[in-house]
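Letter by letter, the chains look like this.
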Amino acid sequence: MGLSPYVPKPVKIVRIKEETPDTKTITIGPKPFDFIPGQFAMVTVYGVGEAPFSICSTPSDNNLQFSIRKMGSVTTAIHEASPGDEIGVRGPYGRGWPLGEMRKRDILLVGGGIGFAPLRPLLLHLLENSNKYGRIAVCYGARSPSLLMYRDEFGEWMERGVELYLTVDVGEGDWKGNVGVVTTILDKPNLNKAETIVCTCGPPVMIKFVLKKLVELGYSEENIYASLESKMRCGIGKCGHCHFGGKHVCVDGPVFRYDEIMELPRGISPF
Amino acid sequence: MRRVTVLLCTCGSTLLEKIDFNKVSKELYKNPLVKKIEIVDGLCKANTVKSLSLDANERIIAAACSSRLLEAVLKNLSNAKVIEFVNIREQCAWVCDDKEDASSKTIRLLNGSINRAVRSNPPQYSDGLKIVREAMVIGGGIAGVRCALDIANAGYRVYLIEKEPSIGGIMAQLDKTFPTLDCSICIEGPLLSEAGRNKNITIIPNSEVVGVKGRVGDFRVLVKVNPTYVDPEKCNGCGECANVCPVYQPNKYDVDLKPVKAIYCPFAQAVPLKYVINKEYCIECGLCMSVCTRAAINLEDKPKMLELNVGAIVVAVGSDLFDPRLKPEYHYGEYDNVITNMEFERIICASGPTGGVLLRKDGKPAKRVAFIQCVGSRESGPGIGECSYYCCAASMKEARLILEHDKDAKVFIFYNELRAFGKGWEDLLYRRCLEDGIVFIRSRPSEIKRSPNGNLIVVYEDTLTGKRSELEVDMVVLALGFKPSENLAKLAATLGVSVDDQGFIEEAHSKAKPLETRVRGIYVAGTCHGPRDIVESAVEGSAAAALVISLFRSGNVKLPETAVVLESKCTGCGRCMPVCQYDAIVRDGEKVRVLESLCNGCGACISSCPQEAIVLGDWGIEQLALQISGMLGD
Amino acid sequence: MVAWKPKIIAFTCWCSSSGVDQAGFEGFKYPANVLTVRVPCSAIVNPSIVVKALEEGADAVLLTACKPVELRKIAPSRITEARVSLLRRLLKTVGVEEERVRILWISSNEGGVFANEVSRIVEETERLGPLNLRGRMLEQP
Amino acid sequence: MSSPEIELRKLARNLLERKVVDLVIGYEDSEAGVRPCFIKEPGEVEKLVWNPDCRLSLVRYLRGFKEKKVGIVAKGCDGRAIVELIKENQLDRKNIFIIAVECNGVYKPVKYGSSKTRRQMAEYCEKCEVRVSPIKDYLIKSDEKALEEKIPKGDVEDLDWLSLFRKCLRCMACVRSCPFCYCTECSIEGFKPALVHRLVDPVELFTFHLIRAIHMAGRCVECGACESSCPVEIPLTRLYHELNEWFRENYGYVPGLNLEQAPPPLVFKEGEKP
Amino acid sequence: MRMFSITEESLKVFLRELSLKHVLIAPFERDGYFEFDVLKNPDVINLNYTNTRLSPKRFFLPQRQLVFKHYPRKGFTEEPKEYSSFVLFGIRPCDASALSVLDNILLSPPYKDASYENRRKNAIVISLSCTKPMAECFCNVFETGPIRGMGEDLTFTPTRSGFIVEARTPRGVSVIEEFGKLFRKADGEMLEEYSRLISKVLDEMNRRLKVDKTRLIRIEKEAGEEFFQLNAQRCIECSLCSFACPLCYCFETEDCLEKDSYVRFRGWDTCISPLFTRMASGLDPRVTKADRLCHRFCHKLSRIPLAFNAYGCVGCGRCVSLCPAGIDIREVLKKWG
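Protein chains in written order, with my numbering: chain A, 300 to 570; chain B, 12 to 645; chain C, 35 to 175; chain D, 747 to 1020; chain E, 5 to 341.
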């Protein structure tokens, strides 16, 4: 890499998988850097633009994966890409999930829709090192069954000991599971609440209600973490776009602890 | 990531000596947007295209000959997402002497098109628009009836909208037709009754079109049916009601010359042959109700609204005649014996008020009759500026009718130019007139005076001799010009069709699309788009029918690419409205909307919108700007 | 050094673009520095695009359109005509020669007219010299 | 305090007290200079001022209060802008109470970094022939004579427009202060403007200003809001004036003079070629 | 002490020699305004100016600059080259201080903004003290002037008998050494005048506006809606305040296509723009104009101090003077300072 921290490294797309009707998971490789689950990278579509995406593959993988929902010009261009195309990446950026805190503790992951992407590397990492951690439970909700990501991996996760609770806002087809927002299934995992580390990611509204509900259910405030979303241009605290209340989401986040989120001013805080 | 495939055609190797294909492909390959470049020797050949095995999502640049030649071939053979055509043959190879020049022009044009193809969005193919295979013909004159019959006979339902109680129009009022002097109603009558009998034709008399929505293939037409106060289902035309009716009214059919009762049947050959009440004269005495055995009369009848769903509309509402009162020098309406040619037709007709004897108001027979041509036409003034087409022949016909009835009569025709251009007009009309001793005087009389004995004196200057003279006659017949009918402008506005400077309906193109209007799916026939005679009106009725039938048979309708307003952006400032030549943009609340049936896709609106809130396919400024920057970049 | 040659962008409407094709078909020759952009109708050409073309390096911009037919009310090219006139006024005001933007009436059978007119315009543009807006905008005072 | 100012405050108080309007948009004085103020309570009317520093057109604020009944202090040009905006379907006449103040011209602003300190009348005010709004609900007459210090007239041709454009920062102050720039997505700024880059590229300043001129042609009421907001003082009003002249010559149309005259369609009548 | 003095005549020589050795950027008058530009001829330098219309930040953070050029066919990414050195003479202390704030932000670890660092390394900044501050100025609040700033290598202060020159950095000292014959050690009389001058000008400014800047942190917590809403009503959302500000550093990137490459530029952005925080998903944490205005003031007065231990405002007064709608940051200072 050159002098400037803003210059992405070109890598090739290895695989593209359609995750849900509007989301694709792209695999690029070989990975240009190591990372901690929960960190993000800036992905460049040359000639179109750059945007931040959570890395959704496990750190032990040789490749990098990003689950990308079609939204603006960059994501549309990625959706139009095919294997072999060149894109640019730089990273890893931001603070990942607090792996150190999680040692020997129970862990609850709460995800909503595309928000499961930053939780997946954590989940895979925990499974790979399950002897170091306690029980793992996952509460995952989406608007409809077809929008649940990584559905084909659910079976494997459960086989490896994950307590998986799913819910959808609107049922469709042969959906037999829970119908309702994700807060309706938060009471299902039977974990040591006072000691459990909770990691959550999803739309701001969801995070807001999940955090409230978690505290109500008896989870400890200092053990709750959420990954937030923001507009970023540099990823390294220079461009000013994600600057909120003395903090940069890109540098001090995207993972924030409950009390930090409470301190964030209106705008970025889900409260 | 969007990239393009460039197909370079050597046109059977003939372009190789004009354009340096190696240089072109080497230069183009520098462009990161180019996926691959294929040099082929004939893109117009099906085999060539097939052998390329192009992906379905490919964006292709076809650099070859004129797109007019290539477009059909490529669009049929490849399922590419986007195809851009660059004419490197007629626009580069064949106009440049220098190979270097031609090659660099080729590179520039291609770089522009590559940029364009990358930003183009694949056209959205609709599944084909719905077509309601039923037609509406507005106006039941000869053009409308002919049209309705032809469509109906092809097997499609036709709604025939007629404002009067009976179909027939002007032709039904005429005595004889030129040049053969056939009985007019004898020709039209059978057509009318055939239309009445045809189970595919629904005649809706006393009705008018008040609203139209939709587009070609699927119009929703709102028709207002005025009450006749007689239930046509029940009336059997026995006429008992008219017998007892105490009130008389002037009869429109007889040009107000022969009074009829307030409850009446328009004329003997009327279709439908039903009695109707003219509420303007009816005193609501109820006598008719008391004699009607079928209880068909309802004086409380109210207008009804119908909504009809049709795929095509033919406008054949005909036109009105000039009002001669607007030329005060002829004293029409003031001098008893100055009459119009329509009045003449009724007077000379055997079923007319005088039983076919040419009598003056005072009962004296008219022995000396003068015809004045071009009343309300071919002059600047109150009438229309152009020739009324029918009246030279009509007046000659009428002159001959006079002589047929009365060998001693003396007839004078004041003409400007005698226009006898139709089949048989010269021989059957003009020559016989001359033989019969009809006097033609080339003049537009300046005044009609009345002599004390009730005769009329025509004051004129013979423009052949330059002599001013006066001519005493018993009767003067004014040959009236056509004028757009009174409600035509309103109807045109309702339908969305445009009118020309004279006020007649404007054709989509006077030569290429003579019977189409600017609204796709609305056709025009007969005198409502300009003066015509019976033959031409009938021809146009049939021709319009053919257009309707071919639309119905075509399966689906392809609209041209039309402009679309992006609602989220539109501010409703209305700057697009005055530039639309087709009046296709209308206000819709705070924003504007494009009427797709009127839009022709010229794009004048999209370039007047300051924030590109109107789009038209891939013709946004972004695509054009990119194309230009691709062309101009060094 | 290669002598400077003007770059000219010609927006050709559907009809006049077949006129341009016809010029080649009938063997007319004209300078290679005229680059055509085919558009459905001249009225679609936003004056802003013309300005952009000048900025991008065009030394002149042509709009070829169907001549408005007499008596016919519908003629989108009349809008183009007015826009070109407005634009020329604007260019003149800011100190760009108004001759750099022109409208030409070219029907689909007037390939020869196109070739002749274009040759003349290329010559005239050569006399005007390069526009070089980019260079002039970047110039330091 | 000048008598128009007293009259203005009295009127504003009256309008607010009688609830004829929900708010009055006027000018107030501050350390940063005369600036717009939004008076909602009758008690605040003493803030209102009227002097030759009241230059920013307040009309651009009207679109922020579409549902409200607003009283607005309007100079002649501002009134013309309101007229045009009503014609363009952007404002509702019945929601606006126009407090027309007779205007004798405004001062050119003296800005940061200027080497001049002398106050001069703005150039566009000199050309102005409409000193009172063509539509009004109340007229406040001026008690002052026209400003004395005038700028010598220059010809448009004298200006080197390219070098003026070169100075432009594309800060958008001209666009944002203009009463007519109400587009929801401006075509020359935003996420993805089609003809200029999102980031300011000096070579595009020519295009930027010409596009803006094209969009202003036949609408600009020459209120000078753009020019007085411009940090580098590009005399934009002169440019737009030239295009307005084109409209006047070809169609006899002068924007903003009355509500009845529709903006001309952009076509030449047959045989009326320029 | 590294205090020197130079006479007016020697200063002229100094500037002339400077312009021969380095690229010289200095203030001069053009079309009625003072501005900075590269000057070939130092005679046009005009030191009788209050301040330049626009801040000299563009020499360090251009309005638009290349980030990289990527050639897909060749498979490599090219970055802009090193920048040549230049001397910025005559910058006011406030603007010079802005550079030191920018250093804190853009050069804070772990990532350094390479292009800024490069330009900064290659620039010699020579400031000229303000002895007659403008009505809009309030540098006293942030201690970024009027006589001494924070980011300069040399500070020139006019006195009755020539200029007092203070070398602020080793680079400043080396410049003095380079042109040694033109400078003299400042004598006691001059130094006395110098300190008198500092307190005189500062007193004058403090009389106009005195604010305890450390209390500004409160804005973050205490800023009610009302104040910002009132000003938001007025704000016309132009980006003039950000563009004129000597230390508004937020940038936006833009990717473009060139004939044979993909390029990325970056350039000034403004937090006043409604697009500043709007994400592609349509989510926008700062929807209202009041939110954005509040952010602008909070960012400068409390958020930058919290994150970078410096203030985001140097009191140059450009935003106050240029704002078409008369929005005044001094009102914020008075309210919460």
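Simulated from the structure, these hints should not be mistaken for lab results.
Where hints are given, some of them may not hold.
[As the list claims (entries may be wrong)] If we take Cβ atoms under 8 Å as the criterion, some of the chain C residues that face chain B in the derived model are:
#1 Cys49
#2 Val54
#3 Phe59
#4 Ala109
#5 Ser119
#6 Gly169
#7 Met171
Quick caveat: nothing in here was measured; it's all calculated off a predicted structure.
Every residue gets a Cβ at the ideal spot worked out from N, C-alpha and C, and that includes glycine.
Now the hints, each set against the structure:
no., hint, verdict
1, Cys49, "11 Å, violated"
2, Val54, "6 Å, holds"
3, Phe59, "5 Å, holds"
4, Ala109, "7 Å, holds"
5, Ser119, "14 Å, violated"
6, Gly169, "12 Å, violated"
7, Met171, "15 Å, violated"
Checked against the numbered hints listed earlier, the structure breaks hints 1, 5, 6, 7; every other hint is satisfied.
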